[in-house]
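2 protein chains.
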Amino acid sequence: MAKPVLYTYFRSSCSWRVRIALAWKGIEYESRFVNLVKDGGQQKKDEYAAINPMKQVPSLVMNESTMTQSVAMMEYLEEVHPEKPLLPEDPLERVKVREIVSVICGGIQPLQNLSVLQKIGDEGKMEWGKFWIDKGFHALEELLKRTAGKYCVGDKVTMADACLVPQVYNANRFKVDMKQFPTIARLNDELLKLDAFQESKMEDCPENLRS
Amino acid sequence: MAKPVLYTYFRSSCSWRVRIALAWKGIEYESRFVNLVKDGGQQKKDEYAAINPMKQVPSLVMNESTMTQSVAMMEYLEEVHPEKPLLPEDPLERVKVREIVSVICGGIQPLQNLSVLQKIGDEGKMEWGKFWIDKGFHALEELLKRTAGKYCVGDKVTMADACLVPQVYNANRFKVDMKQFPTIARLNDELLKLDAFQESKMEDCPENLRS
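One line per chain: the protein sequences are B and F, in this order. When the letters of the first sequence are read in order and numbered with full-length UniProt numbering, they come out as residues 1 to 211. When the letters of the second sequence are read in order and numbered with full-length UniProt numbering, they come out as residues 1 to 211.
Identical chains share a label here; the pair holds if one copy fits it or two copies do between them.
In silico EDC-like links for lysine to aspartate or glutamate, alpha-carbon gap of 16 Å or less:
| hint | residue 1 | residue 2 |
| --- | --- | --- |
| 1 | 179 | 141 |
| 2 | 145 | 93 |
| 3 | 44 | 142 |
| 4 | 156 | 93 |
| 5 | 25 | 83 |
| 6 | 119 | 134 |
If you are wondering where the hints come from, they were derived from the structure by calculation, not from laboratory data.
Let's have the full structure, built from the sequences with the hints guiding it.
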């Protein structure tokens with residue numbers, strides 16, 4: 001079986017989620033770098049759009065299939081590599097994890113996606129991104145107060161954690177005041193101590209591709 | 001065991017997804033109506049925000065737990081009511097379904113969420129909503145050409161279908177030209193012939209709550 005190939009960009013929080021999941025499960029893969037800003041955006045080239053019609057990273061080629069959408073990939077990895085799970089066993093606990101995943105991946109991140117920021121324009125994009133992360137984090141902080149232990153849901157690392165850390169990275173880029181969100185900040189600090197989160201950071205990206 | 005309670009609003013496409021899943025699986029439930037526009041938005045009241053910190057519908061109270069986020073709910077319903085499945089068995093087929101779910105729920109719908117439209121303002125909101133649905137549907141059409149049979153993925157109804165039909169309803173509200181998307185339009189027509197999709201439409205909402 002060929003090694004999985006991940007199309008990724010160092011600054012893409014959606015790509016980082018999948019890099020964390022792959023690292024957590026110890027799955028070796030090959031990275032292909034798609035620079036979202038160089039050449040007007042390499043993701044918009046026909047060659048890449050044929051792989052991913054949304055013209056976004058990440059894409060994952062694995063077991064002779066091409067997958068897009070980070071949440072779908074994490075669920076797939078969980079099903080075919082259940083060792084070192086990223087979901088609890090109890091359905092009522094699983095729903096808590098997926099709730100946090102959805103708040104981040106469906107409620108917060110889509111509003112500071114590159115294409116949205118480009119539509120908003122250079123002048124307003126920092127305020128826009130900050131506004132939505134700030135609003136989303138107020139809700140997420142409330143949710144996490146109810147579910148968190150050492151990590152987002154109890155004391156085991158889950159998909160929710162793989163989504164949280166990249167979102168906090170985005171929050172810092174948009175200069176969100178993290179003092180407002182003590183639970184989120186604590187979880188982020190705790191998670192960044194783990195190898196899977198450290199290894200999957202930007203270090204996978206050659207210096208000349210960092211825009 | 002008490003009957004599940006769904007907090008819902010007739011025009012919320014996210015709520016409709018869950019109504020479809022519940023109807024498909026034949027799960028009886030009680031509806032509580034949260035009018036997103038009346039009284040400045042009933043979802044913003046403290047009483048409801050305590051249930052759902054994102055101040056959005058739907059919320060589902062089931063098995064003594066309160067759940068938010070439609071995708072998390074559908075995954076939960078699938079796990080605890082696997083009869084009349086909404087996911088295929090093969091992981092590579094499941095990933096196709098979840099990919100479409102994510103494109104809609106993480107890529108398209110979040111950009112025409114009520115709070116986003118309110119931020120954009122009355123003057124620009126129709127153009128904004130139409131722009132993002134149009135853009136998203138171009139990608140979705142490509143994806144569906146690869147996966148669709150009678151329904152979104154092959155010939156069985158899945159979560160992807162439960163997300164598609166409410167999104168087409170939104171597209172029509174924003175006057176998106178559906179002639180551009182023959183696959184999406186065909187699937188929508190086919191799905192609307194099914195009882196679970198018909199029953200879960202707006203008919204669950206008393207006339208006086210339709211804004």
